[in-house]
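One line per chain: the protein sequences are A and B, in this order.
Heads up: the first sequence at position 18 corresponds to 17 in numbering that gives the first Met the number 0, and the numbers run straight through without jumps.
Heads up: the second sequence at position 105 corresponds to 104 in numbering that gives the first Met the number 0, and the numbers run straight through without jumps.
Any given hint might turn out to be false.
[Unchecked claim] Chain B side only, calculated, beta carbon under 7 Å to chain A, not exhaustive:
1. M0
2. K1
3. L19
4. T22
5. P38
6. S39
7. L68
8. E73
9. P78
10. F81
11. Y83
12. H107
13. F111
14. A117
In case anyone wonders, no lab produced these hints; they're calculated from the structure.
Don't be surprised by glycine CBs; every beta carbon is placed ideally from N, CA and C.
2 protein chains.
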Amino acid sequence: MKVEARFLENYKFEMISENLSITSDQSLKYGGEGAGPMPSELFLWSIASCMGQAIVHISGKLQERIDNLKLTVEGKKHPEEFRYTKIIISVQGDYPEDRLKEIVKIAHSYCFISNSLADDIEIETRTGIDA
Amino acid sequence: MKVEARFLENYKFEMISENLSITSDQSLKYGGEGAGPMPSELFLWSIASCMGQAIVHISGKLQERIDNLKLTVEGKKHPEEFRYTKIIISVQGDYPEDRLKEIVKIAHSYCFISNSLADDIEIETRTGIDA
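Here chain A stands alone, though its shape is the one from the complex (with noise of 0.2 Å):
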């Protein structure tokens, strides 16, 4: 897959895959207008996305009926060195906690986006009501 990015002005650049275009920017507090996500809105949302779906397949797979899905993504930064240290991703859902737990445990291994991510990066991943 292929996508492109095409400079606009200021920090907007004009974000286009094969159907589909959107607006990135950058936040009004780093110089931007709010016009779109900013990189670190996409990349968590491409996490949220791509573990969502997968359990959504994995329940699928098994069965399981889907109530009230909800996950949250939070990305924590090391501002010196411009990287992720670690990404923590809550996941509830009306299932009993035992099972959602093994969902988004098998889920995880078909998760692309953050299977390719350092080793170093902590990915902790919570489950149920306490999420």
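Add chain B to chain A, keeping to what the hints say.
This is chain B only, laid out in the frame that chain A set:
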């Protein structure tokens, strides 16, 4: 930074961040409806916008005018290991080719996302007209 993914139906999730939301989906080919970017599109877009914004930032510092800047990012996956094996970043722009190469090299050190990838993922960078 923290983002959220709320399950909608099939492979569709509502992706939410502090100020924005979009729908993520799978393509028709993989059982989705193509209602929004796939995880892999979000991921490659995140690399493209991260590198693009870093190039803009460095160009500003070096008082280099930005003309016709365009990046393409291609990801190659290992289908059985469910991970990326190679990322090809191509950068074109109306800069002298040596200058563009220098700017892109500095930009790399600022890109949180490409800096967070596993060591064995080859990142190939091409610059200039033939990129």
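A quick look at each hint next to the structure:
{"no.": "1", "hint": "M0", "in the structure": "5 Å, holds"}
{"no.": "2", "hint": "K1", "in the structure": "4 Å, holds"}
{"no.": "3", "hint": "L19", "in the structure": "6 Å, holds"}
{"no.": "4", "hint": "T22", "in the structure": "10 Å, violated"}
{"no.": "5", "hint": "P38", "in the structure": "4 Å, holds"}
{"no.": "6", "hint": "S39", "in the structure": "5 Å, holds"}
{"no.": "7", "hint": "L68", "in the structure": "4 Å, holds"}
{"no.": "8", "hint": "E73", "in the structure": "4 Å, holds"}
{"no.": "9", "hint": "P78", "in the structure": "10 Å, violated"}
{"no.": "10", "hint": "F81", "in the structure": "5 Å, holds"}
{"no.": "11", "hint": "Y83", "in the structure": "4 Å, holds"}
{"no.": "12", "hint": "H107", "in the structure": "9 Å, violated"}
{"no.": "13", "hint": "F111", "in the structure": "5 Å, holds"}
{"no.": "14", "hint": "A117", "in the structure": "5 Å, holds"}
The structure fails hints 4, 9 and 12 (numbered hints given earlier, in ascending order).
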